[in-house]
Structure formats: C-alpha cells, structure tokens
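Asker: If you read the protein sequences in the order shown, they are chains Z, D, E and V.
Residues are numbered in the working numbering as their position in the first sequence, beginning at 1, plus a constant of 62.
Residues are numbered in the working numbering as their position in the second sequence, beginning at 1, plus a constant of 62.
Residues are numbered in the working numbering as their position in the third sequence, beginning at 1, plus a constant of 62.
Residues are numbered in the working numbering as their position in the fourth sequence, beginning at 1, plus a constant of 62.
For the record, the hints were derived by calculation from the structure and aren't laboratory data.
Watch out, some of these pointers could steer you wrong.
Because identical chains share one entry, a pair is satisfied inside a single copy or across any pair of copies.
[To be verified] Cut-off 35 Å, straight-line C-alpha distance, at most; resulting in silico cross-link-like pairs (DSBU-like, lysine-lysine):
hint, residue 1, residue 2
1, K71, K199
2, K199, K110
3, K71, K110
Only a predicted model underlies this, so the values are computations on that prediction, with no experimental measurement involved.
Number of protein chains: 4
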Amino acid sequence: MQDFRALGKRLSNWGRWDRDGVRDERGTTNLLTPERVAAAAGLVREGKIFDLGIPFGRGGPQPGGGRINPMILVSETGADQDFPGAFHYADDYVFMPLQSASQWDGLAHVFYDDQLYNGFPASAVSPHGTSANSIDKQAKGIAGRGVLVDVARHRGVEWLEAGEVVTPEELDAAMAAQGVALQGGDILLVRTGWRRKFLVENDAAAFMAGEPGLGLDCCEWLHEHEVAAVCSDNWAIEVLPGEIPGEQLPVHMVLIRDMGMTLGEILDFEELSADCAEDGRYEFFLTAPPIKFSRALGSPINPLAIK
Amino acid sequence: MQDFRALGKRLSNWGRWDRDGVRDERGTTNLLTPERVAAAAGLVREGKIFDLGIPFGRGGPQPGGGRINPMILVSETGADQDFPGAFHYADDYVFMPLQSASQWDGLAHVFYDDQLYNGFPASAVSPHGTSANSIDKQAKGIAGRGVLVDVARHRGVEWLEAGEVVTPEELDAAMAAQGVALQGGDILLVRTGWRRKFLVENDAAAFMAGEPGLGLDCCEWLHEHEVAAVCSDNWAIEVLPGEIPGEQLPVHMVLIRDMGMTLGEILDFEELSADCAEDGRYEFFLTAPPIKFSRALGSPINPLAIK
Amino acid sequence: MQDFRALGKRLSNWGRWDRDGVRDERGTTNLLTPERVAAAAGLVREGKIFDLGIPFGRGGPQPGGGRINPMILVSETGADQDFPGAFHYADDYVFMPLQSASQWDGLAHVFYDDQLYNGFPASAVSPHGTSANSIDKQAKGIAGRGVLVDVARHRGVEWLEAGEVVTPEELDAAMAAQGVALQGGDILLVRTGWRRKFLVENDAAAFMAGEPGLGLDCCEWLHEHEVAAVCSDNWAIEVLPGEIPGEQLPVHMVLIRDMGMTLGEILDFEELSADCAEDGRYEFFLTAPPIKFSRALGSPINPLAIK
Amino acid sequence: MQDFRALGKRLSNWGRWDRDGVRDERGTTNLLTPERVAAAAGLVREGKIFDLGIPFGRGGPQPGGGRINPMILVSETGADQDFPGAFHYADDYVFMPLQSASQWDGLAHVFYDDQLYNGFPASAVSPHGTSANSIDKQAKGIAGRGVLVDVARHRGVEWLEAGEVVTPEELDAAMAAQGVALQGGDILLVRTGWRRKFLVENDAAAFMAGEPGLGLDCCEWLHEHEVAAVCSDNWAIEVLPGEIPGEQLPVHMVLIRDMGMTLGEILDFEELSADCAEDGRYEFFLTAPPIKFSRALGSPINPLAIK
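Chain Z on its own, in the form it takes in the complex:
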C-alpha cells in the first residue's frame, strides 16, 4: 500500500512558483501560461459551446448533512410592488455551500499535518475564511486547452461503478483510442459516467455513496504530464472507497495540498462526450472562471468547452 505522504513529498510543487519572495497561492494553474492560453484559443473552430455546469437548485446531488443543495428563494416576484410608473422587478437569494454543485475546490480546501499547499499553516483557515490559497487567487480564471478522457465510453459502459479505479494506464489507453495526447498545461476532464448515473437514477444518496475515480497512481501521471487542473463528473475526482485503508481522500491530499492542483467536481460531460465521439475531437478551449468569493475555499462554476 502506497504511503501518500511520501508520494506527496515526491510530487510536491511547494516553492516551485514562488517569485521575489512572494509565496505562490495558485499552484498548477501557473502552468496556464499566456502562450498556452493563446494556443488553446486556436482550438475554437466552429464556435460550438458546451456548458459543463449542472443545474443549481433543490434537485441537486446533495443528500443533506454537511452540505445541502442550493436553496434559491425569491425575494421579489414583481407582483405586489408599488413603484411610481410602470417598473416591476423580480429578485432572488441563494443559500448554499460553495461546493454543493459544479465547483472548483480551492487550494485551502484540504490539508494534512497542519499544513496547506505551499506550506501555509492550517490555521490560515478561520471562521473568517482563509488567508492563504483562497479561491479568488484563481480569479483570472482557469482557461486553456481542455482534453476530455472519456473512460466510460472507452470501457463501453454507461458508467463505472463505485470503487472502480481509473489507472494511468487506462487514461493512456483511452486517450490513445481517442487520438488525443496531453500537452503541458492542459485541463483534464475525466468522464466516469457518474453524472449520467445521477441523471438516470436521480438518487442523491447513491451518487454520494462512493464513486469510481482516479487512483493514487494518477497523481504522478498528472504531475509528469504537467496537467494544470483536473475535473470530473463525479464529486471527488478520486475513487471511493479509497485505496488506503484508514485514510480519507488521499488523492485530494496529494493533489491539492502537495501539488497545488485545483479540482473541478460534479460536472456534466454528457453533451460534450457525445460531440467528441462524433467528431473525434477531444480537445477544445476551456474557460472556467471561479466567482471571486473572498477568502473562500471553493466556488460554483459553469465551465464552457468551446470547439
């Protein structure tokens, strides 16, 4: 069984992007260099846009507990207003966990051994939010070349089952079959079919009770390929139950805390997957700006894949 601490240490990006005495708080999105962004925009040919966010509302995949589905409440319908003139307006509020639906996990979201990514102390996170690695540090967006690895389609299944591990070898094989290769600074989208499962079953408890996903070995593979961010249609990127007895979410710990990799979760690749299968193009321009929540640990998103 792998020692996640040793792995994390080997793959660590701590200090890698510090500049002039300023400690980095962005992690692997530093790999999204202007050159790469400019090159990725060249992937837009037809102008087709795919929105990868899921609907935000009560019908979402949170079964309750630590997180709930977004509660949208209408404060004004316009029906009983008495302004001068003809004007009426409608307005609404939301109460939600920032990570309840399609989301970026920020780099302060997960830690171990009292340290966040890049050595910031865990005490940086307080009831006032985080003073280090907050999601708004990614505000200039996460935009670049996106690559979809459609594992479910490659296996020929609707979805992988909970506990099924996706390995580096399988990622390589799927991409080879798809005819696409990773370049440095890519944003990787891994489709396990877990979103489709939810769409078919509409069962939040089942969606959250484990999932198929990346195994620990993928951390090194992501590191070697200089992946800038990784996204999935499940809720935690990684396989659950995990591979190390007695440890929770070890892939999170290595990717976020050691490598400084921002994770995109609970996305919907269904339409994109069908289109990629049809035109054989699994690469596209991807923009996924977080909302600039101050000192926050994550952000809702609606990434756009543009071909």
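Keeping the supplied structure of chain Z fixed, place chains D, E and V upon it in accordance with the hints.
Answerer: Quick look at chains D, E and V alone, frame taken from chain Z:
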C-alpha cells in the same frame, strides 16, 4: 420626453428568435452565433486574461435593504475534525442575493404591463422562481467578441458623476477615438468609472445613490448595432436618476423586456482599461458564463476578457 | 365522508372577535383572557419547568425538500480576533424554515378557496410576507392553562402508528382516565408518541411519512370545548394519510382557516408525560411566546409547561 | 480605574453549581429555584401580558457588518400550488444572526484569557458551535420573578445618552422610588430608554454607536443581590464607550465569563414601563425561554412579563 413604451415597441425582438413553435427565452444572446464565437476566439493573441468580476464578500457595494452583500460563513475550518487518518477539510457557505455583486440580469428580472420579454406573462415569476426567461437559459454561456468603450477615459475623468447621461454620439466618438468599431453580435462593455469611484471612496451608499450611465437613446443604437449584451461598471447600466420623470429604470424596461437583452452589472474594467489604453486594442474574446441557477432571475459572474 | 367545507362553515369563528371595525387576526387565542391567564398561573405549585421544544440543528426531523433542518453556522469563534484588550466573542447565524422544528403555525399558513382566516384574501400573502394573520399578531404570547392528553400512554403503546386516528371519544376517555377536564381557553397538548418514535429510530423520512393524529371529528370537539390552541408531538397535529380521499390536511384547513386556531407542532412531551403520570396532574401553566417575526407565517418556539 | 480581572475573580461563580463531578453550564440561572419560580407565579394577578421582544425583520437595529437584521424570505405563498384538493399553504425561511434582535447572550458568547465561564477552554467554541455553555443549556427556560428598574423614567428623560453610566446607587434609588426591592433569584430589567430612541429616530447606526448602560460597579451589586439574569433595552447591557480605556465590554467579560450571567438584550420595555408607572407594580412573572439551538451561542427571544 420619450415614450418608453413606443420605443420598446419599435425595438421589440419579441418573436424574432422563436423557432418551430418554441418561444425564445434567450433574447439578444441569440446573436452570439457559432461563427461569431469562432471569429472572436481569433482575437486571443497574447493569452492575457482580465477578470472582470468584483470581490464577493461583506465589503461589497450593497448598503443593505433589498439586497445585502454576500455573507460567506465557514462551516468547517478543519481544526476540530476527527476523521480516521490524516485528512482535514475546510468548507464554506454563502447567503446572497444572486444580483448583489458582478451579475447578469436575466430576462425575467424586469417587466412592465404584466409581460416579460417575448410576451410571457409576469405571472411566470412566482416564489418558485421563473418558468420563463430564467438565467440558466443562457447557460451555454455568453461568449464572443467583447468591445470596451472607455467613456471615462475618453472624457479624461476618473469617473462620470451620477446623473450624467452617456449618449450614442459619445459612444460613437469614444469608439472612433479608440479605433474600434462594432460588429454584429458584440458584447459591449461601457466604462463610466463608477467602479473606480467605489474603489477610491469605499462608500456603498454613495455607489448606490444614482450613477452615470446609458440614456434612453442608446437603446436604439444598441439595437441597430446588433449588440448581443451590454455590461457596465455601474450597477444598473443606465443613468440614474433617469430621463423620464415618474418612471423607474426605463432603459432596463426597454432593453430587458422589449429587446431581450441580458445586462452585466457591477463589473470592474480598471485593469482592462489600462491595458487597452496601452496597446490600443479595445477588442477581445469575452466569456461570461452564468452559474446555472434553476429558474433564477440572475447570476453572479466573473467574466474573462482574453486578449 | 365528511365535507370539510360544510364543517368549516359550521365551526367558523370569522367575525367572532372583530371589534370596532377592526378585523381580528388572532383567532382562538382570543380565548386566553386575562382572567384565564391569571387563573392558570395558579396551577404553578412546585415551580417545576418542562421545556417542550426539540433541539434545533442538523439532526432534526426534516428529511429535506421543501423544508430543511436549521443550519447553524458560526461566524466568530473568538479564536482569531484582534481587539484591543482581553475581549473575545463568539457568534453564530442560522438559516432555517420558520416551521422546521418546534413551531407555531400562524393563521396565514394554510388556506383554501382563496381566503385566509377571517376572510382575508389569500393574496395577503406575498413574497414580502403576509399582511394579515401574521404570527407576530400572537406576540403577547400564548400563555394559559395547558392540559396534556397522553393518548399513547392511555393506549399503553410507545407510539401510535401512522394513519391511526385519534377521535373525540378517545380524547374524552383519556382525559377521564387522567382525571382532568377541559375548561374554556385551554391549550391542549396531544401526545401520540410520534416524537418518541423519532428519538428511538432517528429516521427523519419515517417521521415525515405520515403520522397518527387528530381526525376531522376532533374539530367540532375542539370548538365545543373552547380550546385556545392545540399542540402535538407529531408534525401536523392531524392524522396522515388523512380521512378524505383527494384532500390534503383537512384538519389544518378547518382549524386554521375556519376556526382561526394556532397549531403547535413537533413538540416533545416525553419528560412532561412521565411527570404527569407520576403525580397525576395533567394540568399546568403553559407559556409559548412566538418570536416576533414580522409578517411571518409561523415561528420557532420552546414552550414551557410549569407545574 | 478598576481591574476587571480582579473584579471577575472576586465575583466568580466558577464551581459554585458543580454537582457530583458535573460541571455547571447554566450559571446564575441556577438561582431560579423551583421555590422561587412557584413564588413568582403568584405575582400574576390580572393576567395582563407584556411581550418584550422587538419585531424581527429588515427594519431592525442592525446597521450591517458583523451582524445583519433578520432576512425573512417567503418560500411559498400558496398562489401557484397544484395539490390535489383545496389545500394551499404558505411558508417562509429566515437567515439571521442568532443575536441580531431580542436575544439571550449565552455563556459561551464572551471570554478572555482563553477561558469560558466555569473554566471551560475557549477552544470549546469551534465552527461546529460550542461544546460548553451553549444556550440550549438554558432550555428549561428562564422563568421567575422579574423586576423592572426604570432608570429613564426615574431620571425624567426619554432616554439616557450614550456613554452615561448607570450606577448601583442609581439602581437603588430608582427601585426605592418605585417601591420595589430585589429578592434572590430575580431577573432584572433595566430600562435606559435606548429602545425608545430607536423607535423615535429609526436610526440603526445611531442605536449601535455607543449606549447608556450599567457600569462596572454594577457587577458586584448584581452579585450581592443574587440576580439570576439581567436584561436591558439597549444592545449590550453595559455603558459604551466603556469605563476602562483599551478594554472592550468589560461588564460582559465579568458578568458572562466570571459570574456566568446570561444577558438579555435589545428588549422593548415601553408598554411595560407605562403600565408599571400606572399601577405602581414593578414586579411580575417573567418567562423568557430560549429557542433550543444546539451548541449555539445565543438565541432570539420574546420574553413575556405577566402581571
């Protein structure tokens, strides 16, 4: 004094994008055709990204009342958790009006004479949200060619004052001076300097007490130029107090309800403005996907301008 | 099968407490006259207090959906404050449905045929709250003689099962066995054991999937006995599924809308029940002030029974 | 200038109510013995009820910042429901700081030198709430003999001004003039007129910018008189600015942290004050149960004074 109803009727886009018996709910973003999106992506040359959203948090521009600033509350700091193994996580919640900071106004946000854009009845908006023209209808994003008209810079002022009207002639003159021309399907960004005023003064009440902005005559101009969406660094696009005594927000009423134009408000063009002035390029690729809030009237955003 | 409209009409209290052209908004709590309150205070002999509210927090009986359990979020722990001097403070927020745990149903909470209690139009309820029959109309409290009818104990069961009807005859028999009789203006507490079921099973879905409770015939009985308010340890007072096919919550409709009776729900009578069984005294002074939420439809409560 | 630490140590109730190895978490409400509760109920003669809570809603006294006024949002108006049969219902949510309007400060609300009341460590308060001295420990209510000291009326002013200190001598003099004396276990209500100021001026910022209130010397006086809880119509009981330069809220620190006294704030004594002046009776039965928010630091209340 202009009759906004007559103006709205003349500029109406009702029915224009209905197809096969399906009534349109997107309005002028229909002008963001795939061809135009693809062409706009060609504007990305250096890969420079400008994030146009403002920070979301308690220090925002809402003085309280109908809307408040986003309240972010930390549900987990990680400090007092007792999971098996090394794992700790931090998490947060937000309570906010969907239109409290940088935002898209959806097409059900404003109405008059009991009808929403495209003739949907005002009763489509209920405490359960809106059944027509909800913001998630724009989910495939609002992406295309962005053009900044820097009115404040063109006037040589830090900001225009509340009540100062921006006219079509001034927009034309500023764009001519900037060396940029509108094309069909553009997303127009109008900089009044009102955001700078807030950054300088940090006075939410002053920010909300009126504003400089577009006058009613701009509606026709936006219509003729086939503008797909209009954004500003103020909070309502239009000049306040408005031009018609006894009417509230007439530009909103015509643009949203009659023309079906989605409005982007409370954006920050400061960094972009400086860059455009420096390189003389006032056009760029813009992506501004709303979060897919179901049946919602608006959405927080963090638009990216990419050059 | 009973016609609930005819029943409601027969038992209607509309107009009964109107005074000097002012329409009543309090309903049967008008029966809590000063004389009765004063007499009820005389029931306090030993000074023993029983709190009848349940805990408010995530572990509550709401399975999610229209209502959720109260979400308490700590905004300040005191740990990372930097005030002058020694002072530290902790603070918290709550987001909750006003009727998610122990609660009064206000008189605008339920209606039919477009009218609220006392003939106010249903349109009095808007996104701005209710302009008639709001819970704060009960602000001077609901205090008086409380009487517990311990149906579950009388039947010799831990709890009645969902769908089991409590009839007037059973209420009479239980009270006779308990040696207590109703007087005008009493607050009646009906124990079905449904709270105990939740404490034993800790299953919110099971708690909400039907319940034992009052049948329609009890409405007339409550009317004749001049009961001021009725409370229960279940979540809707009345039996569910109900007695009229195709109608939802007919007892609510008659009690709240026609009779103007405020209902107390999701209370905990376990400790009180044991004490009453021991000392044979099923009467006490009861105070159950609603929190004065403006224009609200209900209020959280923690009633005190004092013997 | 007084040393609040020395004062706190002298008046400390730590350990006083520990029993059988169980550390007390209720503090001075332990003085509300059954005998005293029973005797206090005897003060109810006419059955007149005074509700001392203020309205909860957007028009409250919070100017924004750390705390906001309660936001009530209507989730159902009943207008667009489609249940079988005639049933319609209306429902609402609230988002609020637990201490934004009429409230009990719990015994974990304030601390210094890393210790809460009765020596619990400050670390008992976490993002999950407090594991010691939570407000629900007061759930059996706070009921007993209430005594109003009407300082504003005694001075013959509408309200005292911010910064004006109420001394033990003044409390004694006012009570002597009122013809009432304290007994052990009383709940003391101090009227400064600060609530009236808000009702007259409707200025939340002015209400929060300092206040008249108890001086530090009152702590010893409250201790000697065995007061069970102290309430006021201002927002912090104590005079602000305070009497010790460089220290914040020293009366809070001594009363809550050292003496274990629960504080009732932002109450409305206007109607009660008038009645007491008229009938000359400044004593009554008081019930003020907190809502049982789990692990919470305070609770909204609507205390009832019953004469």
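Asker: Give me the numbers of the hints this structure contradicts, sorted from smallest to largest.
Answerer: Checked against the structure, no hint fails, so every one of them is satisfied.
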